[in-house]
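Heads up: the sequence lines are chains C and H, in that order.
The numbers in the numbering used here rise by one with no breaks, and the one at position 217 of the first sequence is 217.
The numbers in the numbering used here rise by one with no breaks, and the one at position 148 of the second sequence is 148.
Be aware that a few hints might be false.
What the hints assert, rightly or not - Heads up, incomplete: computed chain C residues facing chain H, CB under 7 Å, no partners named: (1) Y5; (2) F7; (3) E19; (4) M21; (5) S53; (6) V150; (7) G151; (8) F152; (9) V153; (10) L156; (11) P217; (12) Q219; (13) V229.
Treat the hints as calculated values from the structure; they're not laboratory data.
Even glycine gets a Cβ: it sits at the ideal position worked out from N, Cα and C.
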Amino acid sequence: MGARYTFGGDEHLFVEVDEEMSLGAFFKSMSMTNGVKEAGLKGITEICPANASFQIKFDPDVIHPEKVKAAVQEIEQAAGNAEPVLNTRLIEVPVFYNDPWTHETLMRFRERHQDPNGTDLDYAARINGYDSAEAFIKAHSAAPWFVSMVGFVSGLPFMYQMVDRARQIQVPKYLRPRTDTPKQTVGYGGCFSCIYSVRGAGGYQMFGITPLTIFDPTQKTPYLSDFMVFFRPGDIVSFKSIDRAEYDATLADVEAGRYSPKIRDVRFDLREFERDIDGYNAKLEGLLNDA
Amino acid sequence: MTLKVHNPGLATTIQDMGRPGYFHLGIPIGGAMDRLALRSANLLVGNDETAAGLEAVFVGPTLEFTTDSCVAVTGADMPVKLDGEEVPANAAVPVRKGQVLSFGYLKAGARIYIAVAGGIDVPVALGSRSTYPIGALGGIDGRAIAKGDELPLGTPPRAPARQPLPDTLRRMPGSPAALRVLPGLYWHRITEAAGKNFFDDEWKVAPEADRMGYRFRGGRPVEFVEREQPFGAGSDPSNIVDSCYPYGSIQVPGGTEPIVLHRDAVSGGGYFMVGTVVSADMDLIGQLQPHMPARFVKVDMEGALQARADRRALMDRIRAHLA
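Okay, chain C solo, but in the shape it has when bound:
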């Protein structure tokens, strides 16, 4: 089925690849936005991929909206024939699940939650059919994730797990949003995991915290010296469950500028992935652990 094209006023073309979320829709959205980038159309100022859709901002004084639409439709045709392959980064993100800081915060906002007597992890585990928080954490960190969108505010990554739909974790957002979320909280809402880049309001369930700085406007963090935002749409993320001691040690390294995240360049092939999801993910995991 073809994508749906609609204009967001006189400055934006909005393209919905699919109404529902799927790796296929995300992948098509990524290839189309990459195609738009490569086409180098004059007058296009921003290209924003989202989960199953994307948006292009243009200057209508330079290029007529209908021309933008026609050009992107042509790119959609070409994307249909292109190899479903993405050259991207595989990144390991250590997570201290069930940490004291998100725990303190979730207790503070308990009356805004579906389950005022439990924790976010216990609740998410239960409604997704896991016996324990531990089993749930294992599922959350077992298979890798695609960064399917970066945004909301300041470099916050939305991530979609690379498993088939039957295994997708789904949790509702808080009944009423919190006014506080610790920086670098690993959260979950709908079918997306996220990492809060800055402290602030939030409605996603809170599962843990990463010691990695992912947004640094001062750019003092060595691995953010090129750019202040860590994640890019299309990155593949592997969560590694760590304990308090490793969290403290990693945080100290990050703060002292001694830490460099584990990153590998990978070529992701959607066809190979779909043929054997678990095997493909195991291969990615192997790549990460190669010296």
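Following the hints, complete the assembly by docking chain H onto the known chain C.
This is chain H only, laid out in the frame that chain C set:
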């Protein structure tokens, strides 16, 4: 060559024409809410149109000049005072070292723009001096100005304009404000009757109105076309699989109160949108106060582009007049 902040006002920020190019990472364009007003203020004092000035909402700041200079205030109607004496707004006003700029009570509109000869010369962050507090970017340490700040000034490229800006070359919202909207995005999610109500009803600006977005209330709630929610969209009929949000897009969380995203927009989220305020009318939203009445006026793309051309023609007339 600084401005000393004696009193910052309510939320006064350094703004220019913003930082395009980073919305895909959640960093919005930002910049002056009422861009026409800031451009005019800059032209009055002899700056480049896109120089950084101060945007003050509802309450003006109190500022001391540490150098001889020139200042112009545009946008909302608010008495401008130099050492306590009223001086004209919408005109270049010469200032001597040690003089203090202050303001009376807001009379109409919401935001004043203060341009000083040479512009506010804070460091550029991602191509702009605009303050974006959520990302701690631009301005002074990424925040609104505060008492005791010394705002550095640049060197003015030209002499100030000799003539003031006449009212005919200013643009303020009427009452009710008419905001032109191109329906689209997820317009198909609401019923035909709901679509008609949206444009027929009179709305009022809600107290939740800031640089990120303006909320409106008072119109009838929207009715959704029934459907089974797509995978990943969430259970509420106003939910969609999280998508990008255009600047000016109108989301209606829960189907009740429309929110128009503005210059400091969140870049995306999970609420459906009925359409988008045309680029030409974004300036007007920046001059709306809470409780002011507003109407959404339906236009097609041709109408949206005509509105844009009209605004550009007005800007050309302002340039010609102040040259």
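Hints, verified against the model:
1. Y5: Constraint on Y5 (chain C) not satisfied, violated at 10 Å.
2. F7: With a closest approach of 5 Å, the F7 (chain C) hint holds.
3. E19: holds (4 Å)
4. M21: holds (3 Å)
5. S53: Holds, because the Cβ-Cβ distance from S53 (chain C) to chain H comes to roughly 5 Å (cut-off 7 Å).
6. V150: Holds: closest Cβ of chain H sits about 5 Å from V150 (chain C), inside 7 Å.
7. G151: Cβ of G151 (chain C) sits 4 Å from chain H, so the hint holds.
8. F152: holds (5 Å)
9. V153: Holds, about 5 Å.
10. L156: Holds - the Cβ of L156 (chain C) comes within 7 Å of chain H, reaching about 6 Å at its closest.
11. P217: holds (5 Å)
12. Q219: violated (10 Å)
13. V229: holds (5 Å)
Figure legend: structure checked against the earlier numbered hints; hints not met, in rising order: 1, 12.
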